[in-house]
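Engineer: In order, the protein sequence lines correspond to chains U and Z. Quick note: the first sequence uses our numbering, first residue 4, plus one each step. Quick note: the second sequence uses our numbering, first residue 944, plus one each step.
Honestly, I wouldn't trust all of these hints.
[As the list claims (entries may be wrong)] Residues from chain U that face chain Z, not an exhaustive set, calculated with beta carbons under 8 Å:
| id | residue |
| --- | --- |
| 1 | M183 |
| 2 | G186 |
| 3 | S248 |
| 4 | A258 |
| 5 | F340 |
| 6 | K347 |
[As the list claims (entries may be wrong)] Cut-off 25 Å, straight-line C-alpha distance, at most; resulting in silico cross-link-like pairs (DMTMM-like, lysine to aspartate or glutamate):
| id | chain 1 | residue 1 | chain 2 | residue 2 |
| --- | --- | --- | --- | --- |
| 7 | U | K60 | Z | D1032 |
| 8 | U | K360 | Z | E1050 |
| 9 | U | K360 | Z | E1049 |
| 10 | Z | K1044 | U | D94 |
| 11 | Z | K1044 | U | D409 |
| 12 | U | K232 | U | D94 |
| 13 | U | K105 | Z | E1052 |
| 14 | U | K93 | Z | E1056 |
| 15 | U | K388 | Z | E1056 |
| 16 | U | K105 | Z | D1032 |
| 17 | U | K388 | Z | D1048 |
| 18 | U | K105 | Z | E1049 |
| 19 | Z | K1006 | U | D303 |
| 20 | U | K360 | Z | E991 |
| 21 | U | K60 | Z | E1050 |
| 22 | U | K398 | Z | D1032 |
| 23 | U | K388 | Z | E1049 |
| 24 | U | K60 | Z | E1033 |
| 25 | Z | K1017 | U | E415 |
| 26 | Z | K1017 | Z | D1028 |
| 27 | U | K360 | Z | E1052 |
| 28 | U | K241 | Z | E1052 |
If you're looking for bench data, these hints aren't it; they were derived computationally from the structure. Ideal Cβ placement from N, Cα and C applies to all residues, glycine included.
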Amino acid sequence: MSQKFTRRDFNKLFIAGAAGSTLGVFGGKKAAFANQKHVVVIGGGFGGASTAKYIRKLDPSISVTLIEPATTFYTCPFSNWVMGGLKEMKDIGHTFEVLQNKHGVDVIHDEVVEIDAVNHSVTLEGGDEVKYDRLVVSPGIDFKFDAIEGYSEDVANSSMPHAYKAGPQTELLTKQLQEMQDGENVIICAPGNPFRCPPGPYERASLIANYLKKNKPNSKVIILDAKEKFSKQGLFTKGWERLYSGIIEWRAGSAGGKVLSVDPATMTVQTASGPVKGGVINVIPPQSAGKIAIDAGLADETGWCPVNPITFESAIQPGIHVIGDAAIAGAMPKSGFAASSQGKVTAASIVRLMQGKVPAPPSLVNTCYSLVGPGYGISVAAVYKLTSDGIVSIKGAGGLTPMDADDDQLSEEATYARGWYNNIAQDIWG
Amino acid sequence: MVKKITSLLSVGLISAGALTGCDTPSSDTRDSEKQSTAQIVEVDPRGEILALSCASCHGTDGKSVGILPGFYGKSATYLKTALMDFKNDERYSTVMGRHAKGYSDEEIELIAEYFGSLSQQNSSK
Chain U
4 MSQKFTRRDF
14 NKLFIAGAAG
24 STLGVFGGKK
34 AAFANQKHVV
44 VIGGGFGGAS
54 TAKYIRKLDP
64 SISVTLIEPA
74 TTFYTCPFSN
84 WVMGGLKEMK
94 DIGHTFEVLQ
104 NKHGVDVIHD
114 EVVEIDAVNH
124 SVTLEGGDEV
134 KYDRLVVSPG
144 IDFKFDAIEG
154 YSEDVANSSM
164 PHAYKAGPQT
174 ELLTKQLQEM
184 QDGENVIICA
194 PGNPFRCPPG
204 PYERASLIAN
214 YLKKNKPNSK
224 VIILDAKEKF
234 SKQGLFTKGW
244 ERLYSGIIEW
254 RAGSAGGKVL
264 SVDPATMTVQ
274 TASGPVKGGV
284 INVIPPQSAG
294 KIAIDAGLAD
304 ETGWCPVNPI
314 TFESAIQPGI
324 HVIGDAAIAG
334 AMPKSGFAAS
344 SQGKVTAASI
354 VRLMQGKVPA
364 PPSLVNTCYS
374 LVGPGYGISV
384 AAVYKLTSDG
394 IVSIKGAGGL
404 TPMDADDDQL
414 SEEATYARGW
424 YNNIAQDIWG
Chain Z
944 MVKKITSLLS
954 VGLISAGALT
964 GCDTPSSDTR
974 DSEKQSTAQI
984 VEVDPRGEIL
994 ALSCASCHGT
1004 DGKSVGILPG
1014 FYGKSATYLK
1024 TALMDFKNDE
1034 RYSTVMGRHA
1044 KGYSDEEIEL
1054 IAEYFGSLSQ
1064 QNSSK
């Protein structure tokens, strides 16, 4: 889309427009605005696909291009259920046909190799260049493989999977669990904060324990944690005592949980308290914003991306919005639900900006269900608001499943976890 | 605090718009795309942005495809009463009470009106 005006002309006009002048101010220059507004979204996960769909839903006059390498996106949420034998890969895979055919999103299956923030274009691995008026970057996470001595992407792909991006990694860990000998142990190395899906490693331990209890009764799960405490800890610990007594062992960072190095040849994890051997070793490394966000200079020294909390526009590169796990979003966790919530707020903000209106104050929500067992669900919820301290969780709202919840409630939460997945998947990719 | 947020909002708008320079409203675009823009109904943006979250559990526009209750087609009055009951612990829930407590009475009214008007728009088509 070529523009006939200089940037300065646009700026003047825009500020005038934003200040409430009538459309008449544009006078004889109308024709130059006839071009359709175009948003490019990088990443077809919870954040990106939500943004793409909701921009089209809120204003069909805006064209949206979604760039995602995978033709089927596998969700991290419910991938622990696959490892535990409760779901199959096909249950957590989502395609982009409905976004393309029903919602009019132009879906390109390719990888973005470069973002040119000055010329408003992205370059694809296939060589094509795509121009944008606004760009939404929703790249998820990447791993700091070199943070753990002995670990690497090759090790992850062969002997010690992270299984923290769903897909082949999920299948590898599932296969290893099935092939493991009874009596061998499963080691889960959980990272320090912040990381994707805070309750993820602990739901994983639960559902692996559920599998072991039935299939390998002499095996157990040992969680080596970099942290001193973890998400939903009270609820998980209570559930483990009830369902998996003696099968799950959690070691805090200061109690031998901190991982010093790994050795794939001997399937050993080295800790301050000595070596721990495993039949299956799941290393979840420390993380950063997805590579493309780092390469484009959207991240700060923390490795994550600072944003304007109203529009999720980058605090570093104007015209580019960063959402989901990659963004620094105040009190919000790095979860699929949070990414989708941010995606919709960003969609609404972009639509209003493109219509020359002021974006509405954001309202954001998160709910994370975890399964402790197939009929034993727990959750944490929060509603978020923008205050002068940034995005904060509203006091008196949200919180955890009550510690004294009875079996009926826990069973209902497990059922609702499934109901939530069906609806959020439909809301994003359907 | 309110003032500070308002200024954040306008700063967001101006910096966002000024630096990309492509977000100016266009009467021309609107004229030429009457058919698609005709579907856009001006709603209270606060109600819309509050309501967008609900779909993640209850389905797009409140149309549930799973076991969680859908509420598309319910009136604003019904929805307001339900949300207020959840908020005040007068109706049993697992998660909904925890969410409803995050909204002021006015916000609950905006959410209820948003969903109430959605189904009205469609039934009058």
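Engineer: All hints, please: hold or fail.
Structural biologist: Hints and how they fare:
Interface hint at U/M183: violated, since its Cβ lies 33 Å from the closest Cβ of chain Z, which is beyond the 8 Å cut-off. Given the 8 Å rule on beta carbons, the hint for U/G186 is violated: about 38 Å separates it from the nearest Cβ of chain Z. Violation of the interface hint for U/S248 is found here, the shortest Cβ-Cβ separation to chain Z being roughly 26 Å, above the 8 Å cut-off. With a least beta-carbon distance of about 32 Å to chain Z, the hint placing U/A258 at the interface is violated under the 8 Å criterion.
Checking U/F340 against chain Z by beta carbon gives a least distance of about 6 Å; that is within 8 Å, so the hint holds. Hint status for U/K347 relative to chain Z: holds, with the closest Cβ pair at about 4 Å, below 8 Å. For the given pair, U/K60 sits about 34 Å from Z/D1032 by alpha-carbon distance, which is inconsistent with the 25 Å threshold. Between the alpha carbons of U/K360 and Z/E1050 the distance comes to roughly 21 Å, so the proposed pair stays at or under 25 Å and holds.
Between the alpha carbons of U/K360 and Z/E1049 the distance comes to roughly 23 Å, so the proposed pair stays at or under 25 Å and holds. This hinted pair does not check out: Z/K1044 and U/D94 have alpha carbons roughly 33 Å apart, beyond 25 Å. Annotation: proposed proximity of Z/K1044 to U/D409 holds, straight-line Cα distance about 22 Å (limit 25 Å). Between U/K232 and U/D94 the CA atoms are separated by roughly 32 Å; this puts the pair beyond 25 Å, and the hint is violated.
The hinted pair formed by U/K105 and Z/E1052 fails the criterion: a straight-line CA distance of about 31 Å is larger than 25 Å. The suggested pairing of U/K93 with Z/E1056 is violated, with an alpha-carbon distance near 38 Å, which exceeds 25 Å. Annotation: proposed proximity of U/K388 to Z/E1056 holds, straight-line Cα distance about 20 Å (limit 25 Å). For the suggested pair U/K105 and Z/D1032, the alpha carbons sit about 40 Å apart, so the restraint of at most 25 Å is broken.
As the CA atoms of U/K388 and Z/D1048 are separated by approximately 15 Å, the hinted pair is consistent with the 25 Å bound. At roughly 35 Å between alpha-carbon atoms, U/K105 and Z/E1049 are farther apart than 25 Å, so this suggested pair is violated. Under the criterion of a C-alpha separation no larger than 25 Å, the hint pairing Z/K1006 with U/D303 is inconsistent with the structure, at around 40 Å. Between U/K360 and Z/E991 the alpha-carbon distance is near 14 Å, which keeps this suggested pair within the 25 Å criterion.
A distance of roughly 22 Å separates the Cα atoms of U/K60 and Z/E1050; the hinted pair therefore holds under the 25 Å criterion. In summary, the hint linking U/K398 to Z/D1032 is supported, as the alpha carbons are separated by about 16 Å, within the 25 Å threshold. The hinted pair formed by U/K388 and Z/E1049 meets the criterion: a straight-line CA distance of about 15 Å does not exceed 25 Å. About 35 Å separates the Cα atoms of U/K60 and Z/E1033, which puts this hinted pair outside 25 Å; it is violated.
Proposed proximity of Z/K1017 and U/E415 is supported: the alpha carbons are some 24 Å apart, at most 25 Å. For the suggested pair Z/K1017 and Z/D1028, the alpha carbons sit about 16 Å apart, so the restraint of at most 25 Å is met. Restraint check: the Cα-Cα separation between U/K360 and Z/E1052 comes to about 23 Å, which is no more than 25 Å; the hinted pair holds. A distance of roughly 38 Å separates the Cα atoms of U/K241 and Z/E1052; the hinted pair therefore is violated under the 25 Å criterion.
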